[in-house]
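Whole structure, please, built from the sequences with the hints as guidance.
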Amino acid sequence: MNKLNFSSIDLFLIFAYLFTILFLGFRAGRRKPKKAEEFLLAGRQLTLTGFVATLVVTWYGGILGIGEYSYQYGISTFLVFGIPFYLFSVVFGALLAGKIREANSLTIPDRLYEQFGRNSGILGSILIFIISSPAPYVLMVAVILQLIFGWSLVVAIIIGAVFSALYVYLGGFKAVVLTDKLQFLFMFGGFVLLLFFAVSEHGGIGSLFSSLPEEHLTWHGGNSFGYMFVWFFIALWTMIDPAFHQRCAAAKSPAIAKKGIFISVGFWFLFDILTITSGLYARMLLPGIDPVQAYPLLAEALLPPIAKGLFFIGILSVIMSTVDSLTLISGATIGRDLIWRYRNDLTDNTTYYSKIGIFITLLLAIFIAYLIPTVIGIWYTLGSVLIPALLLPVMSTYFPRYRLNGQHTFLIMVTGFLLSFLQLTIGYMLGTIAEPDYLLGIEPIFPGLIVSFFLFLFFNLKNNREPSPSS
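Residues in the sequence shown are numbered from 2 upward in steps of one, following the numbering used here.
Honestly, the hints are just simulated from the structure, not real lab data.
Glycine included, every Cβ here is placed at the ideal spot set by N, Cα and C.
Keep in mind that the hints are not guaranteed to be accurate.
List of simulated lysine-lysine pairs, DSBU-like, C-alpha gap at most 35 Å [claimed, not checked]:
| no. | residue 1 | residue 2 |
| --- | --- | --- |
| 1 | K182 | K253 |
| 2 | K100 | K182 |
| 3 | K36 | K260 |
| 4 | K356 | K260 |
| 5 | K100 | K356 |
| 6 | K463 | K356 |
| 7 | K182 | K36 |
| 8 | K100 | K36 |
| 9 | K260 | K100 |
| 10 | K356 | K182 |
| 11 | K253 | K100 |
| 12 | K463 | K100 |
Beta-carbon label-pair distances, calculated as ranges [as the list claims (entries may be wrong)]:
| no. | residue 1 | residue 2 | range |
| --- | --- | --- | --- |
| 13 | V193 | T426 | 39 to 49 Å |
| 14 | G151 | H203 | 23 to 33 Å |
| 15 | V163 | P306 | 40 to 50 Å |
| 16 | G44 | T219 | 20 to 30 Å |
| 17 | I307 | I357 | 37 to 47 Å |
| 18 | N105 | I357 | 34 to 44 Å |
| 19 | L275 | G118 | 44 to 54 Å |
| 20 | P401 | H203 | 51 to 61 Å |
| 21 | I307 | F226 | 22 to 32 Å |
| 22 | P306 | F226 | 38 to 48 Å |
And the structure:
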């Protein structure tokens with residue numbers, strides 16, 4: 002990957018940003034959190050400002066994927082990565098946010114262990130670890146570092162991963178929130194700068210739309226209805242996303258958790274306008290480039306010194322905020338929800354095990370980063386096989402009326418995962434990984450989701466028919 006051209010002032014700004022992030026992270030870790038609630042949830046004292054800043058910036062880690070998709074498929078990006086996620090975020094805020102704060106659980110696996118027992122807890126921990134792996138975002142950090150400094154991919158992956166995990170290891174969730182507040186500002190500021198120069202030099206929306214291919218202005222962008230439709234179900238990811246649950250559990254009150262979700266949706270909408278429009282300008286001005294590099298190459302073409310440095314700080318802010326958050330979540334899942342429980346350690350030493358988990362997560366992320374093709378492909382694949390397994394079990398823990406016993410819940414989790422994974426595997430075998438040919442043309446998320454739903458419904462109806470002990 003070719004290194005881009007940066008002035009001395011740009012490099013100074015980028016180094017200053019990296020130093021500031023490290024300083025803030027270390028500052029948060031001065032008073033080393035000992036209890037799990039302090040390390041994983043910052044003592045449940047998250048204010049509305051901190052809640053919104055850390056949730057908004059963390060949820061956008063796949064920023065290069067947004068550029069890739071908007072460059073290729075135009076305004077349909079709103080229908081794939083915008084509207085479905087806004088919808089389910091609002092549902093999450095209305096139904097779950099307050100209940101999560103009222104519960105005493107620290108993590109999603111915690112909740113599964115408490116409500117359904119060991120088997121469901123272990124399986125849930127494994128699935129949550131997979132869904133929260135920072136590996137694809139480590140790769141994106143490495144790509145940006147390559148463009149800035151010209152390092153080899155190996156060096157960029159290692160430096161990016163270690164840097165993002167270092168202050169999390171020391172300060173936990175408090176370090177994540179403190180750095181995210183700054184990164185939130187850079188995230189928006191960088192794209193405002195990019196669009197300002199794009200509009201100033203090449204005209205507004207009218208000029209942009211008249212220069213784009215017709216398909217880029219359609220609701221589907223050239224994709225099939227089935228492909229577009231399935232993204233509404235992939236957006237169910239929101240309901241089981243560990244970062245959402247963590248921030249709601251860390252909020253000062255249930256009201257802050259609910260209000261924070263709704264405010265965050267507004268900021269995501271604003272940021273989508275900035276990022277998708279930027280992707281369209283990249284398509285207009287730079288036809289034929291690698292879509293993954295749409296934003297970096299547009300910045301290279303348009304931005305003068307200082308502005309370019311600030312934009313790349315914005316890109317790094319978006320990605321690194323997700324890396325540090327997922328590193329903490331994955332570390333807690335391995336260390337606390339698997340190792341600590343497996344060892345049956347009766348002491349409150351889960352922070353120690355979470356830090357071991359962070360180290361393991363770091364090593365795995367560095368290794369897996371080599372194997373990742375595109376972030377969009379990963380979202381699609383993981384969502385297709387993990388949502389059917391986790392959606393109903395996780396949601397039902399907060400609604401006692403619909404909660405099943407551990408045996409039935411474990412069956413739903415296994416069945417949902419295996420059916421969707423089998424359909425995905427068949428698609429790869431009949432076609433290719435790039436162009437799978439699914440059996441009967443059915444997307445892999447649907448077999449697992451439909452069967453898990455009917456199993457959930459069946460067991461609930463069966464339980465309702467059974468006479469209560471008092472009758």
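Outcome of the hint check:
Straight-line distance between C-alpha atoms of K182 and K253 comes to about 17 Å, which keeps the hinted pair within the 35 Å bound. Taken as a hint, the K100 and K182 pair is honoured in the structure, with Cα atoms around 25 Å apart against an allowance of 35 Å. About 27 Å separates the Cα atoms of K36 and K260, which keeps this hinted pair within 35 Å; it holds. In summary, the hint linking K356 to K260 is supported, as the alpha carbons are separated by about 31 Å, within the 35 Å threshold.
Restraint check for K100 and K356: satisfied, since their Cα atoms lie roughly 28 Å apart, inside the 35 Å limit. For the hint pairing K463 with K356, the CA-to-CA distance comes to about 43 Å; that exceeds 35 Å, so the pair is violated. Between K182 and K36 the alpha-carbon distance is near 24 Å, which keeps this suggested pair within the 35 Å criterion. Our distance criterion of 35 Å between C-alpha atoms is met by K100 and K36, whose separation comes to about 23 Å.
Restraint check for K260 and K100: the C-alpha separation of about 13 Å stays at or below 35 Å, so the hint holds. Using a Cα cut-off of 35 Å, the hinted pair K356 and K182 holds, with the two alpha carbons roughly 23 Å apart. With a C-alpha separation of about 13 Å, the suggested pair K253 and K100 falls inside the 35 Å cut-off, and the hint holds. Distance hint between K463 and K100 is fulfilled; the C-alpha atoms sit about 26 Å from each other, no more than 35 Å.
One distance hint, 39 to 49 Å for the beta-carbon pair V193 and T426, holds here, with the actual separation near 44 Å. A hinted range of 23 to 33 Å for the beta carbons of G151 and H203 is consistent with their spacing of about 29 Å. For the pair V163 and P306, the supplied restraint of 40 to 50 Å is violated, since their beta-carbon distance comes to about 29 Å. Distance hint check: the CB atoms of G44 and T219 are about 49 Å apart, inconsistent with the given range 20 to 30 Å.
In this structure the hint that I307 and I357 lie 37 to 47 Å apart at CB holds, the actual value being about 42 Å. One distance hint, 34 to 44 Å for the beta-carbon pair N105 and I357, is violated here, with the actual separation near 24 Å. Roughly 46 Å separates the CB atoms of L275 and G118, a value that falls within the hinted 44 to 54 Å. In this structure the hint that P401 and H203 lie 51 to 61 Å apart at CB holds, the actual value being about 57 Å.
In this structure the supplied range 22 to 32 Å is violated for I307 paired with F226, their Cβ-Cβ distance being about 45 Å. For the pair P306 and F226, the beta carbons lie near 46 Å from each other, so the given range of 38 to 48 Å is met.
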